[in-house]
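**Student:** Work the whole structure out from these sequences, hints included.
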Amino acid sequence: MAERTIIQHSVLIVSASGQLDSVVKKNLAGDMLMSLEGRRSAAAARQSFLERYYDLIIVDSPLPDESGTGLVLDMSEQSNASVLLITERDRYEEVFDMVAPAGVYVLPRPFPRGRLRQVIRYLFAIRERLKKLERKLELSEERLLEVREVNRAKLMLIERKHMTEDEAHRFIGKWAMDRGISRKRAAEMLMEEL
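Each residue of the sequence shown is one higher than the one before, starting from 1 at the first, in my numbering.
In short, the hints are calculated from the structure, not lab data. Mixed in with the good hints, there may be bad ones.
Unchecked claim - Below, in silico cross-link-like pairs of lysine to any residue (SDA-like), each with a Cα-Cα straight-line distance of 20 Å or less:
| # | residue 1 | residue 2 |
| --- | --- | --- |
| 1 | K25 | V119 |
| 2 | K184 | E149 |
| 3 | K161 | W175 |
| 4 | K184 | I158 |
| 5 | K25 | F111 |
| 6 | K174 | I158 |
| 7 | K131 | R121 |
| 8 | K161 | K174 |
| 9 | K161 | G173 |
| 10 | K131 | F111 |
| 11 | K161 | P112 |
| 12 | K26 | R113 |
| 13 | K25 | P112 |
| 14 | K136 | K161 |
| 15 | K131 | S76 |
| 16 | K25 | R39 |
| 17 | K184 | D166 |
| 18 | K174 | R143 |
**Tutor:** Below you can see the structure in the form of structure tokens.
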């Protein structure tokens, strides 16, 4: 049987009362490790948001200082966190139309027992998938940067040392191997020397 991987998540809960904090803790107790912070206003939430990263942001609207829709739109736009907005059932359609295009999940209140747990677990799963895609993108960008640097060095070798492209390519590869460094670093060093 495969061993279960435990993933730690950071959660920000923004709610006028502290009840949602305890409901979330209770719903996810023993399910997954997490750091959970509660804020009672949009202003306090914005400050916390600037200070650290969260995997999941849950906003229970309305808040004392705003409805919560502006807050979730800002947070969704400025981070890759999963964002959940809990709203009154009679405002669901209106709120959904406003925030869903920004990738915000809207949950109408009241909701059946167990529904909050399902939604949070779903949003955690989506966040993990996004993290994998972000890492792939980061690696692709690093690889693209390496290719650019190597191509710039090859061009300099062709122009200044009158090598063919194949000769320049092999030269950079051998130079990197002899020094035990990456091709990107070798290209950078060669460009400094040329």
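**Student:** A separate judgement is required for each hint: does it hold in the structure or not?
**Tutor:** How the hints compare with the structure:
1. A threshold of 20 Å between alpha carbons decides the hint, and for K25 with V119 the separation of about 14 Å falls inside it, so the pair holds.
2. Using a Cα cut-off of 20 Å, the hinted pair K184 and E149 holds, with the two alpha carbons roughly 6 Å apart.
3. As the CA atoms of K161 and W175 are separated by approximately 15 Å, the hinted pair is consistent with the 20 Å bound.
4. Under the criterion of a C-alpha separation no larger than 20 Å, the hint pairing K184 with I158 is consistent with the structure, at around 17 Å.
5. As the CA atoms of K25 and F111 are separated by approximately 17 Å, the hinted pair is consistent with the 20 Å bound.
6. For the suggested pair K174 and I158, the alpha carbons sit about 16 Å apart, so the restraint of at most 20 Å is met.
7. Note on K131 and R121: the hinted pairing holds, with a Cα-Cα distance of about 15 Å set against a maximum of 20 Å.
8. Between K161 and K174 the CA atoms are separated by roughly 16 Å; this keeps the pair inside 20 Å, and the hint holds.
9. At most 20 Å may separate the alpha-carbon atoms for a hinted pair to count; K161 and G173 meet this at roughly 16 Å.
10. Our distance criterion of 20 Å between C-alpha atoms is broken by K131 and F111, whose separation comes to about 29 Å.
11. The hinted pair formed by K161 and P112 fails the criterion: a straight-line CA distance of about 73 Å is larger than 20 Å.
12. Pair hint K26 plus R113 holds up; C-alpha atoms about 12 Å apart against a cutoff of 20 Å.
13. For a cut-off of 20 Å, the pair hint linking K25 to P112 stands: about 17 Å separates their Cα positions.
14. For a cut-off of 20 Å, the pair hint linking K136 to K161 is broken: about 36 Å separates their Cα positions.
15. Taking the CA atoms of K131 and S76, the gap is about 15 Å. The hint holds against a cut of 20 Å.
16. Distance restraint check for K25 and R39: the Cα-Cα separation of roughly 15 Å lies within the 20 Å cut-off, and the hinted pair is therefore satisfied.
17. For the hint linking K184 to D166, the alpha-carbon distance of about 17 Å falls within 20 Å, and the restraint holds.
18. For the hint linking K174 to R143, the alpha-carbon distance of about 19 Å falls within 20 Å, and the restraint holds.
Against the hints set out earlier in the document, violations occur for numbers 10, 11, 14.
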